[in-house]
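Visitor: So you can see what is in the structure, the chains are spelled out below.
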Amino acid sequence: MAVAAVEDVKVLSDPLNPFVIRVLIALRLKRVEYELVEVQLAEPKSEILVKSNPVYKMVPVLLHRGKSICESAVIVQYIDEEWSDGGGSSSILPADPFNRATARFWAAYIDDKLTALIRALRVETEAEKATELAGQIRQVLGLLEEAFAECGKGKGFFGGDAVGYLDIALGSCLGWIMALEKGKSVKLLDAEELPRLAGWAERFLAEESVKGLVPDADEHLKIDEVAAARTSATPAA
Amino acid sequence: MPQTASLHLTNRLHIHIVLESESERERERGARMAEAVVLLDVWVSPFGQRCRIALAEKGVAYEYKEEDLANKSPLLLQANPVHKKIPVLIHDGKPVCESLVIVQYIDEVWSDGAPILPADPYARAQARFWGDFVDKKIYDCGIRLWKLKGEAHQEAKKEFIEILKVLEAELGDRKYFGGDAFGYVDIALVPFFAWFYTYETCGGFSVEAEAPKLVAWGKRCMERESVSQTLYDPLKVYEFVCSLKKKYGIE
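These protein sequences, in sequence, are chains A and B. The first sequence lines up with residues 1 to 237 when you count with my numbering. The second sequence lines up with residues 1001 to 1251 when you count with my numbering.
Worth flagging that the hints you see were computed from the coordinates, not collected in a lab. Any given hint could be a false lead.
Stated by the list, open to error - 20 Å max Cα-Cα, derived DMTMM-like pairs, lysine to aspartate or glutamate:
| no. | chain 1 | residue 1 | chain 2 | residue 2 |
| --- | --- | --- | --- | --- |
| 1 | B | K1136 | A | E47 |
| 2 | A | K113 | B | D1140 |
| 3 | A | K57 | B | E1067 |
| 4 | A | K57 | B | E1159 |
| 5 | B | K1137 | A | D96 |
| 6 | B | K1084 | A | D96 |
| 7 | B | K1094 | A | D96 |
| 8 | A | K67 | B | D1120 |
To be verified - Computed footprint of chain A on chain B; a stretch qualifies when at least three of its residues, placed anywhere within it, have a C-beta under 8 Å from a C-beta of chain A:
| no. | segment |
| --- | --- |
| 9 | 1040-1053 |
| 10 | 1156-1164 |
| 11 | 1239-1250 |
Idealized CB from N, CA, C, for every residue including glycine.
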C-alpha cells in the first residue's frame, strides 16, 4: 500500500495528551507521515504554539502546508477529508449522514462529560471525592456501552469493521482511564459492568494505528506525580 | 355539480378536476414530507434557531413542535434521552441532537440545496473551528452577564467584550464569516444577534461600539428571509430574559 507523500505535516504536542493522541491515530490511519513537535504549555508558552493557535494557545495543533488547524475534533475531520482517497485507507467518519451525526453526537458527549471528569479525577486527592468522580465516569461509560451496540452493529468497533471517529474520541482516553484505575484505586472500565467496552478497549489498543501511542499506566501516573511535586515545591504566590 | 351536456364542457371540467386533484396530491405530498421532518424546539432558543435557519436555507418543509421545558414531552424524552434538551431533529423517525450536529446533518442530507459548509477541507476546518468557538463562548458567558453581580459580573463583561472582539477580527471586512456565501459560522452565530440588545443592556456596554462590523454583519444576515423569519425582536428576547430573572429571583 502506498504511503502518502511527505507533505510537511507537523503536530504540536504535549506528552500523553489524549486530544493529541486522537490526531496521531487519525494521521496513522491515513498513513500520513508527520513530525511531532513538543511545545511548552506552561508560561512562557512556545512561540509556535501562540502563533498557530492564538485563540486557545492549546495542543493539539496540526500544521499543514503552512496553515494551522486547531481543536482535535476539527483536526480529525480535516484529516479525514484532506486525505480522503489515498492508499485504500478507510474513511474515519461513517458514510451515511445519520451515522455521522450519531458519531459526532457521542464524540461531543465524550468531550463534554468524560474528559472533564478524567481531568478532575487526576488532581483529586480525597478518597471519597475520587470515588464519587469514579462513579460519574462509570455512568458516562455506561451510556457509551449502550451506544456501542447501536453504532458498532455487532462489529468490533464503534465505526464498524475499522477504527472510526468515535473509536478515536473514546479510545484516546483509555490511557488515562487505565492509569487512574491504578493510581486512584478505583474501578472505571469494569469488564463485568461494561463487557462490550472492555472487549472493544482490548481490540482498540491492539490496533496498528494505535500501538505505541498509549504508554502504560505508570508512564501516565509519573506525569501527574511530577506536576504535583512541582506544585508543592513552588511557594504559594 | 350540475350535469353539463356539452362534451367540450365536460372535458374542461375533467381537466379542472384533474388539476385540482394534482395540486391536492402535491399538498398531501408536501404534508407527508413535512411529517418526515420534525423539529422539537423552543421559540427563543438560539440553538433551535440555527436548525430553523438551516432548514429554511435548504427549503426543507418540516413540522415545528414547541416544547415546554418545564413539562417535557414524552417524544422529547424519547428522542434525546441523554440530554433531554432541544433542539432535536427527527427525520423519518430517527432523532439527531445537538444543534451544530443537526446543521451538518441538514447540509449533508439536503445536499442539492446551497451548501452550508464549503467544499475545501481547510475552509471546512475553519468553519467548524469558529462554530465550535461560538458554541463554547457566547451562551455561557452571556448568561453570566444577566445572572451575576459585582466582580463576577465585571469579569463576565470583560470576557464577553473580548469574545466580540475576537469575532470582529475574524470577520474582518468580509460579507459573511464564510466569505461571499452565507454559511455554517453565520448560522451558528446569527441567532445571538437578537440577543445583543439583552447582553449590552445587562452587561452595561454597547455591542456596536465594541464590534461595529459584527453589528453590520448581523443586519446583512437579517436581509435573508431564513434569518428574518426566524429571529425574534430583540426586545422580545430581552423581555424573556427579564422574566427568567424574575423567576430565579435575580434583581
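Visitor: Against the structure, test the hints numbered earlier, and report the numbers of the ones violated in rising order.
Guide: Hint check: 1, 3, 5, 6, 9, 10 and 11 fail, others pass.
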